[in-house]
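Trainee: Respectively, the protein sequence lines represent chains A and B.
Each residue of the first sequence is one higher than the one before, starting from 292 at the first, in my numbering.
Each residue of the second sequence is one higher than the one before, starting from 292 at the first, in my numbering.
Copies of the same chain are indistinguishable here, so a pair counts whether it falls within one copy or spans any two.
List time: in silico EDC-like cross-link candidates among lysine to aspartate or glutamate, alpha-carbon distance up to 20 Å: (1) 440 / 352; (2) 303 / 407; (3) 303 / 406; (4) 436 / 505; (5) 436 / 382; (6) 323 / 463; (7) 323 / 390; (8) 440 / 353.
Just so you know, the hints here were simulated from the structure itself, not pulled from any lab data.
In case you want the letters, here they are:
There are 2 protein chains.
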Amino acid sequence: MDIREYLPIWDKLNEDQQNRIRRAITLHRVKKGTVIHNGNMDCTGLLLIQAGQLRAYLLSEEGREITLYRLFERDLCLLSASCMIRSIQFEVTVAAEKDTEFWLIPTEIYQSVQEESAPAAGYINELMASRFSEVMWLIEQIMWKSLDKRVAAFLLEEAAIEGTAALHITHETIANHLGTHREVITRMLRYFQNEGLVKLARGVVEILDEAGLERLQR
Amino acid sequence: MDIREYLPIWDKLNEDQQNRIRRAITLHRVKKGTVIHNGNMDCTGLLLIQAGQLRAYLLSEEGREITLYRLFERDLCLLSASCMIRSIQFEVTVAAEKDTEFWLIPTEIYQSVQEESAPAAGYINELMASRFSEVMWLIEQIMWKSLDKRVAAFLLEEAAIEGTAALHITHETIANHLGTHREVITRMLRYFQNEGLVKLARGVVEILDEAGLERLQR
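Excised from the complex, chain A in its bound form (with noise of 0.2 Å):
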């Protein structure tokens, strides 16, 4: 695996700019549950996705939880390194959903390159409006589509990314993905249930009825 495969960018960086850049990678593991990042801490830097998955997401005071959105494979995490852009003004968290691989790219160093070169700050700004657009889609969710459409489409969504209709997640994992509180999700998967959309059993949803749930997230 090369970081040039990884960077789309590559090949309009300089022969310096790379160099910089190869120097001062570093590769990383870390096992699922890991707090890659967190609001409070030191600017991380971006993380280039290898393998795993990671999940980045809003944290209340009170300890609530939101996802923001997700990053798999040949993503690059920005928000990570957020304190390279002076107007971000917001803090989010960065867990590994399954055990992870990524490079570390440090702030400095990419910062330093997107002084220069405009395909890098370029690069930052199309990955900065997928985010953006992905909160958007996110806002857009809560306010307009009743919970019971975001169920749905979570459901499906975590079955996409799993390969799998037998989802072992709790209603906790749920509820801190869609911004709720478990007892909500609880009596929405028995709403489900009853539907015959899924079937409950201890730690595990099994959808029974996709195309159920997909005219219910319409």
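With chain A held as given, fit chain B onto it using these hints.
Mentor: Leaving out everything else, chain B in the frame of chain A:
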């Protein structure tokens, strides 16, 4: 008034880039209420506000609204040039909240400049990060703050913008800013009135107890 006083990166552009922008910009005046940009229209361009006030908001299929942020003198409206950034996948509407004067920088001109100039691309980064931050703040408000706090915060913000405690604003307009229904706002304002925080009259919400609203919004 000169464009160079409004674009902080002006001095970092070369003469050719400055000339391209200077030749392409046009000055526009719109009346309060004019919709300047909506997601379905062509790419409007970057708007640099000289005087007045713009509002960027989401519009649901059912016609509901929620304010994302406001733009004031010297602000640059980025999302009206969203076609410039491929990864922006959402649609906002931008309308004049007051009579407004702005320069329009055509999208393709700024686009061509930022492809050559790292400072021009970096400036768009900073702007996008600012708007992103405002939207993240909004999510936190929606998720973790009750509506009474949000209404209190909105009234205080309006009073600060308008420089008066007697706000000429309808309950419908407040509802559209906060993404809720008129009836809900009317009920909340009547509660505020009973608490002695505001006084309601036809088309006017007068703040009687600013300190009380501030305590409430915390």
